[in-house]
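Residue-level listing of the chains:
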Amino acid sequence: AQSVTQLDSQVPVFEEAPVELRCNYSSSVSVYLFWYVQYPNQGLQLLLKYLSGSTLVKGINGFEAEFNKSQTSFHLRKPSVHISDTAEYFCAVSLYTGGFKTIFGAGTRLFVKA
Amino acid sequence: EAEVAQSPRYKITEKSQAVAFWCDPISGHATLYWYRQILGQGPELLVQFQDESVVDDSQLPKDRFSAERLKGVDSTLKIQPAELGDSAMYLCASSLRGRSGANVLTFGAGSRLTVL
Chain A
3 AQSVTQLDSQ
13 VPVFEEAPVE
23 LRCNYSSSVS
33 VYLFWYVQYP
43 NQGLQLLLKY
53 LSGSTLVKGI
63 NGFEAEFNKS
73 QTSFHLRKPS
83 VHISDTAEYF
93 CAVSLYTGGF
103 KTIFGAGTRL
113 FVKA
Chain B
1475 EAEVAQSPRY
1485 KITEKSQAVA
1495 FWCDPISGHA
1505 TLYWYRQILG
1515 QGPELLVQFQ
1525 DESVVDDSQL
1535 PKDRFSAERL
1545 KGVDSTLKIQ
1555 PAELGDSAMY
1565 LCASSLRGRS
1575 GANVLTFGAG
1585 SRLTVL
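Keeping their order, the protein sequence lines are chains A and B. For the first sequence, this note's numbering assigns the number 3 to the initial residue and increments by one for each residue that follows. For the second sequence, this note's numbering assigns the number 1475 to the initial residue and increments by one for each residue that follows.
Heads up, some of the hints might be wrong.
Listed next, the in silico SDA-like pairs over lysine to any residue satisfying Cα-Cα at most 20 Å (straight line) [stated by the list, open to error]:
1) A:Lys71 x A:Ala3
2) A:Lys71 x A:Ser30
3) A:Lys103 x B:Ala1541
4) A:Lys60 x B:Val1578
5) A:Lys103 x B:His1503
6) A:Lys103 x B:Leu1519
7) A:Lys103 x B:Asn1577
8) A:Lys103 x A:Asn43
9) A:Lys51 x B:Ala1576
10) A:Lys103 x B:Ser1527
11) A:Lys103 x B:Asp1531
12) B:Lys1489 x B:Arg1538
13) A:Lys51 x B:Leu1570
14) A:Lys103 x B:Val1528
15) A:Lys103 x A:Ser32
16) A:Lys103 x B:Ala1492
17) B:Lys1552 x B:Gly1502
18) A:Lys51 x A:Lys103
19) A:Lys103 x B:Lys1489
20) A:Lys103 x B:Glu1542
21) A:Lys51 x B:Ala1541
22) A:Lys103 x B:Pro1535
23) A:Lys103 x B:Gln1491
24) A:Lys51 x B:Arg1571
25) A:Lys103 x B:Val1578
26) A:Lys103 x B:Leu1520
27) A:Lys51 x B:Val1578
28) A:Lys103 x B:Leu1570
29) A:Lys60 x B:Asn1577
30) B:Lys1485 x B:Pro1555
31) A:Lys103 x B:Lys1485
32) A:Lys103 x B:Pro1555
33) B:Lys1552 x B:Leu1587
34) B:Lys1485 x A:Asn43
35) A:Lys103 x B:Leu1534
36) A:Lys103 x B:Ala1504
37) A:Lys51 x A:Glu18
38) A:Lys71 x B:Ala1576
Everything labelled a hint here was simulated from the structure, so no lab data went into it.
With the hints as constraints, model all of the structure from the sequences given.
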């Protein structure tokens, strides 16, 4: 069965510090990988996506992620966070199971402290 | 910038009552999704439409939930009767024709349901 595991439910970090949000997936077929961000009382917005090619992808707001096929991981990183990055972050995979389906992880709440 | 419209934003209802949510996707997006997001969890797909046809409703509790997209544009998700466990955020999303898993989902702001 396909699944997405976000290893940390909450990540507290001080402003201007680096952060890494971890994501692992399991799938027997090829997948496309995404990170979405959700601010309070809002829908999800795309941060970045990996479709093919370079395993290091850059997204909006200074975030980047690296696809590691051997470790089936897609960790999200930012070298210096801001207060405004406080939000819920979701890792997602899109895979073909008779039709394309997007599965989300449980989310990681990033809390940036002053 | 084009948006996915959802209404109502908030709905409070008593158990056993009926409730309905409406979604208007981005113009030209053939694929429409309804997700349920329980507090502290990730979104779970309830139903996926390709134009007016359902392509995946395997996780939709069909004894009480129904969804339609009659003209392949806007969509309605209905719950009858509502139960306490239905309290959640209901998210609508749309994407271009979903033949490729590379399609990015654009989400609406969601409809938060509280069942008392």
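Legend entry - Non-conforming hints, listed in increasing numerical order: The structure breaks hints 8, 16, 17, 19, 21, 23, 31, 32, 37; every other hint is satisfied.
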